[in-house]
Amino acid sequence: MTRAARLGTAVIGIWVAVAVAAPVLPLTDPAVQPDGVALRTLPPLTHAWEVRLPDGTIRYANEVRREGTGPIAARRGETWSDLPAEAQVRKRLFVLGTDLFGRDLLSRLVWGARSSLLAGGLAAAVALLLGTTIGLAAGLAGGVTDRVLMRITDGALAVPRLFLLVLLAALYRPSLPLAVLTIGATSWMVAARLVRGEVLTLSGRPFVHAARSAGATPVRIALLHVLPAIGTLVAVEASLRFGQSVLLEGSLSFLGLGVPPPTPTWGGLIAEGRDRLLDAWWIATLPGIALAGVVVATQWIADGVRGDIVIRPREERP
Amino acid sequence: MAAVLLASAVLTLTFVLVEAAPGSAADLIPAERPLPPEARARLEAAYGLDRPPLARYGTWLSCAVRGDLGWSISRGRPVAVVLAGALPATLLLSGLALLVQIGLGVALGTLHVVRPRGPFDHAAGVLGLSLASIPTFWLALMAILALSYRLPLFPPSSSRSIGADAWPLAARALDTLWHAALPATVLGLGAAAALARYVRAGLLRALGEEFVRAARARGVPPSRLVTRHALRATLPPVVTLAGVSLPALVSGSLVVEVVFGWPGMGRLAYDAVVARDLPVVLATVLVATVVVVAGSLAADLGLAWADPRARGAVSEPA
Chain A
1 MTRAARLGTA
11 VIGIWVAVAV
21 AAPVLPLTDP
31 AVQPDGVALR
41 TLPPLTHAWE
51 VRLPDGTIRY
61 ANEVRREGTG
71 PIAARRGETW
81 SDLPAEAQVR
91 KRLFVLGTDL
101 FGRDLLSRLV
111 WGARSSLLAG
121 GLAAAVALLL
131 GTTIGLAAGL
141 AGGVTDRVLM
151 RITDGALAVP
161 RLFLLVLLAA
171 LYRPSLPLAV
181 LTIGATSWMV
191 AARLVRGEVL
201 TLSGRPFVHA
211 ARSAGATPVR
221 IALLHVLPAI
231 GTLVAVEASL
241 RFGQSVLLEG
251 SLSFLGLGVP
261 PPTPTWGGLI
271 AEGRDRLLDA
281 WWIATLPGIA
291 LAGVVVATQW
301 IADGVRGDIV
311 IRPREERP
Chain B
1 MAAVLLASAV
11 LTLTFVLVEA
21 APGSAADLIP
31 AERPLPPEAR
41 ARLEAAYGLD
51 RPPLARYGTW
61 LSCAVRGDLG
71 WSISRGRPVA
81 VVLAGALPAT
91 LLLSGLALLV
101 QIGLGVALGT
111 LHVVRPRGPF
121 DHAAGVLGLS
131 LASIPTFWLA
141 LMAILALSYR
151 LPLFPPSSSR
161 SIGADAWPLA
171 ARALDTLWHA
181 ALPATVLGLG
191 AAAALARYVR
201 AGLLRALGEE
211 FVRAARARGV
221 PPSRLVTRHA
231 LRATLPPVVT
241 LAGVSLPALV
251 SGSLVVEVVF
261 GWPGMGRLAY
271 DAVVARDLPV
281 VLATVLVATV
291 VVVAGSLAAD
301 LGLAWADPRA
311 RGAVSEPA
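Protein sequence lines correspond, in order, to chains A and B. Note that the first sequence covers residues 1 to 318 in the working numbering. Note that the second sequence covers residues 1 to 318 in the working numbering.
The shape of chain B in the complex, shown without the other chains (with noise of 0.2 Å):
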């Protein structure tokens, strides 16, 4: 219910930032000469551009939700069947960087506690707030030069190898995981930090907790005491902050995707706003928006299979 307010919402701003825009729609045309008024009148017509803004806004939040997203004018198909094209790249470097946020953040969490204020928790919190401070798109960048350029064990761009399209099922899904290696870490790196502070905080209290000590009186090493028992405890937090920071996961993959040449949705965006193709760009706020909203609903999900506590509340009406 509040995904479906959230789309109409998006798709009501998207429209008027649009009417509020300078310029009208029949400028986007490239054409060679300045149009004379009588054919700029008839691609009006043409395109519908002459109806009442509030018309327009029907037929425009109607075709939405039928799936039709408009024509690209620079590729010239429809919107839809080229954010379909560029969507799973999307999802894939996405997924992939959420696996290394969380992965990375509970390691780097559980470094903190290994002595809390000893030189490991120390060194894991310079780390994570040099992560957590870092562009994106610079170290993008700085791991291309090093990973990439000097010691070249990563590819420095595209999705996958020249000529993969002839190789075995197998071949080819290492060969895009080869090349969303460098995207998908660079990408996660700076989340990952924000959930080593959850992870620490969450651990620390666990610890203090007395399911811990029970089992740590029954003689469980300390090792096993925090991987089996803490850690299990810290699960919650740690699905709502993935879930929270999805967003900005989505955003990153804008210029992450843009540095590494990966063919999703955010490289597809930026280069539909350098060729003034209007439609490809609104169609991409929304479809963002709507991988995210269903990030978060199956967050949610995640956190009635983490916390047993949180199922009755997720289980009534939203």
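Okay, chain A solo, but in the shape it has when bound (with noise of 0.2 Å):
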């Protein structure tokens, strides 16, 4: 593995890691929103300050002072002089700032990793497993029945897709298992195309003569003798896709046809800071730099397993 696909595997691993531990990890819940007026879409490494009064209720504000006998507290517009001498205060640390409502950027950013990975996760998933099929299937079965799966893939290759996710979800009501099996079902083609290749020049290989006067079905040999030599080629294509499959769950997202609000994603974040671009450039620069992370990271990872494979064969046209 070269430096670069450590790195990127780090990466994954680490956001994996948080949005799997999302809800032990010491975070606000992404959904509350405390205080729309002094927390609202504050920049991040913002401080803020949580005054517990005697009776048990919170305010929050952006500055305190004390004076005399208690504290004296003041929120965008606003000063409270009369709060009692025994209320508490305590400074809260907004790392990356808050949006809109006041709710925390990090709990929301780490919150969306959840679901954009697991949309992308799953949705490379449902394609790696169409396209492999397929990819296996038009190999072994050669004749007509290539011919016909290949005719698809290419017809499918040429659809635009973000054209048909959007006519799906204009379809049917978003939601996270439609996404996940719309942009798998669209996915699948270069995986299909990259191991039919693969299988060509495998099947002329004596292994697979031998598996196959053995009397092995062919249902056997492409699962037990086939699947595992292309393992490789395989994985790399898993992570490209991966990454690709989080990118168009999040501009699904953020058109607003993706997992629906108000579970946060990543391209969701991204949409709702737009209209705030100007006072507030941290609600969407943000998570864009996300998304942009475990792209690069899952390209970083493909380049360094790719580069342990010797002989990489060209991908054969009928």
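No lab work stands behind these hints: they were computed from the structure. Be aware that a few hints might be false.
Said to hold, decoys possible - Some, not all, of what chain B presents toward chain A, calculated at C-beta under 7 Å: (1) L6; (2) A9; (3) L11; (4) V16; (5) L127; (6) F137; (7) V212; (8) V250; (9) V290.
Owing to the predicted nature of the structure, the values given are computational and were not obtained by experimental measurement. Just so it is clear, CB atoms sit at the ideal spot from N, CA and C, and this is done for glycine as well.
Reconstruct the complex from the two isolated chains, following the hints.
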């Protein structure tokens, strides 16, 4: 593995770990809006003060001074000078700032990773399963089956995917399973072509002949003999497909047609920040950096794994 | 031939998808109260929804072939008319993006080979990887933030200035180009990265070949060697890849048009989804596919021009 591939694995690993651990991490609830006035659109690394009154109510303030008997707290547009002396004041740091409704952006980014990576990962799995099956079937069956399957693949490649996904989102109600299925069902073509090409070069090899002469069924040859031999190729495509699926889900969520709110997703977060680019740039910027980082990481992994293939056979055309 | 087959496949696919979707087209007609059953039946009869699916499929096909794509519910005009208004804007945007993609891809690729494994090579590699990984819709937002808001160089949305209708033709053309600069660049950047890799590989291969060595022996300076001799040899893969990247380009135009308020097919599709105007969404999928197929045919012709060896292959019936 190259250094870049290790780095890529680390990036993906950390994101996945953070996403899985989100419920137990010391984060605020991503949906909770404690105070839409004091906490609205705070830039990254901003402090706010939590003022706990003796009766248990909590107020949020942007500034707190201690003068004489009790604290004096100020919120945008108002000052509370009548706070009792027993009021407890706690400082809170918003590492990545807050969004339009005063929700903690760090928490939303981590919870967004959950849905974005889950949707991307499952969609990539669907695409790989479909693509590998079709590629194996076409490569091993040959003849008319092969030609028909490859024509379908070529045709599917020519359809602008996002238009089709938008249509599907219009026909059905947007949801996580729908995003997974539709992205998966429109992303299998590259895997199918790669696997078929590899199978064609492998099917002339002695070990395939040996298996066939020993009476192995085509399905057994495909699954037990050919599939293990193309593992690296599938791994490369898996890594790239994961990145592309996360991107595609991001596009859909950005358009409001992916995983529906209130579930936070990276694409959805970027969409929320879109109207406030001027005065709250961080809302749209930070999730975009996270998204691009994950995709770069998948490319690094793919490049690293691909470097381990000594001979890379060229794709054969009928 | 293949193009006709593909178009009919898309027509069939969209029909099946709509048929399989829950609900009936009568639900799409906005009404203040739920329709009484007899009114609903009358409506379904008026729109032919009570006919068997196969008969409606035949009507759908024959109408589409004659250019009748139905009636836009949200705009109250024939879908074909609505689409005809949006198509030129998309073609212009995609065409400009293609130019950006090829220009930048070739430039980046050439930068790679100035000194293989040198600083330029690495810098171009890092730039290419980032460009390929950045989500288009996010890049569009960042471009607006940086180049429309912070540095007001380009307009953030629309395709022409207010009052531009009264300007002379040349001024209007310049105005449109000025508005298209940002969206077209954003759209072309992502695909440029993939192209740069191919140009790099092609250039490195060409630089090792005999005709380049012969030119070098004649005393041709290195810069001319790359620009005049080696680059020509990389033209075929550039044309092929430009053709292959068309679906992604048209898909990408959807989000770019939405972000930049560009009045093309992508924004039309998005607006139609929001307005639940299904006939328009269906038609955009079809027309986007036709655009891609036509572009691929153009790329094949371009390949024949770029690579004399490919001429025989293209003239054969596909």
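Results for each hint:
no. : hint : in the structure
1   : L6   : 5 Å, holds
2   : A9   : 6 Å, holds
3   : L11  : 12 Å, violated
4   : V16  : 11 Å, violated
5   : L127 : 12 Å, violated
6   : F137 : 5 Å, holds
7   : V212 : 23 Å, violated
8   : V250 : 4 Å, holds
9   : V290 : 10 Å, violated
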